[in-house]
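Trainee: Using the hints provided, position chain B relative to the given structure of chain A.
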Amino acid sequence: MGGHLNINHLMFLGQGALWTIGLSLIALIGGGIVGFVIALARISPLKSVRLAGAIYVQLIQGTPLLVILFLGYFGLAAIGLKVSPLVAAGASLTLYVAAYLGEIWRGCIESVPKPQWEAAEGLALSRTQRMVKVILPQAVRIATPPTVGFMVQIIKNTSLASVVGFVELMRSGQIVNNSLFEPFAIYAIIAATYFAMCYPLSLFSQRLERRMGRGRSNLAPA
Amino acid sequence: MSLQLDFPAVLERWPSFLAGAVLTLELAFFATVLGALLGTLAAVGRGTHNSLIAGACKVYVETIRNTPLLVQIFLVYFGLASLGLKYSAFTVAVAALTINVGAYTAEIMRAGFEAIPRGQIEAAEGLALSRFQIYWHIILLPAVEKVYPALTSQFVLLMLASSVCSQISAEELTAVANYIQSDTYRAFETYIIVAVLYVILSLVMRAGFWGLGLLLFPRRRRLGTPL
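Protein chains in written order, with the numbering used here: chain A, 304 to 525; chain B, 226 to 452.
Here chain A stands alone, though its shape is the one from the complex (with noise of 0.2 angstroms):
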């Protein structure tokens, strides 16, 4: 137990933090990409699509993220791949994210106001017209409150990617208390920094929300 905090340790804690950006953002688009094709899955016309989509989000979300991270981990050094932390933490943190994000959108993606579907099927659009023209515009203009609020939930659960040995925000914290061992001051720092992170997105997505439920009321249905 050598010393005291110094800039050194805030550095390594800043290099951590910047780490925890870089997997939120891996996480974010390999699951915003398999999330979506969650989403358009659970809403397939063909009854075997939907049932596969609905079977992967609730095995995934009956399964705490932890586990998913060992299985990850584990999982893919039992089928002979040699993988950094780094992958194993991408590759969970994807599947894990897509399950949610895919549920957020397919939900948004069916708020989408059914006359509109109708007009869209009037119009003799075919499926792929409709949903690329009709349909997703407004479903993204829906789907941006939540999608904001989930990343808040993204770069709070890259914290547990610590578990697999990836040095982030929260294992760099382990890893500069083990030297200092002063827990409660260094978990009180991480946890400044995650609120850091978070609130200010937080507050993005409530104002979003707000914005949203003005705007709406004209969008709505008569």
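Derived from the structure by calculation, the hints contain no laboratory data.
Please note that a few of the clues may not be correct.
[Stated by the list, open to error] Derived Cβ-Cβ restraints for the label pairs, each shown as a range:
#1 A:G425 / B:H362: 41 to 51 angstroms
#2 B:R431 / A:K417: 22 to 32 angstroms
#3 A:P418 / B:S241: 52 to 62 angstroms
[Claimed, not checked] Far from chain A, some chain B residues (derived; all Cβ distances over 10 angstroms):
#4 S241
#5 L266
#6 R290
#7 L294
#8 E350
#9 L352
#10 G433
#11 G436
Think of the CB as a built atom: it goes at the ideal place given N, C-alpha and C, for glycine as much as any other residue.
Mentor: Below, chain B without anything else, positioned relative to chain A:
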């Protein structure tokens, strides 16, 4: 690419898995009950005219909702220790989970309170109900009824989140898995079994809450509509 799975070697530890699952449910149960109380109090506090209490409740809710559970658990764990208080890992885990889920419950309950039509409260005042009666019969119970589905999802998420308590060596399901995989070197099989157990636990919890909902809200059952 050679994947060999040996489930029997891990499954023979089923008594440990079972004990872990039971402890997970216990953690979830205590944290749910205490967190529901704390969250309701915080939601009521946020709605009071005393700006000090309302502000304190807001700070509590926003702080908890914008920091990871893992950090909160460590803070409670080391915070209590640095105050010279020694508690078992189970107690610390329940305390941390309660504080965590309390904040989320508060937000859900607040939405419930806001959904109570103003006219109903005025009508209750007109019928000369006491303040307590109004709060209990007109505001709290109907609010719980409205947000019941959201509350139950939150509590299932809490059960899943309790896996994080393995990091302070509370012997719940994930901690048991960590121990078994380090003992048998069958990590993948162990975590697959644990994942299946968590899915079962969450289905059981959902079914339980559904049954409880039918029992608690007969009005909903009679009308057959979500109120």
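Trainee: Which constraints among the numbered hints does this structure fail? Numbers only, ascending.
Mentor: 6, 7
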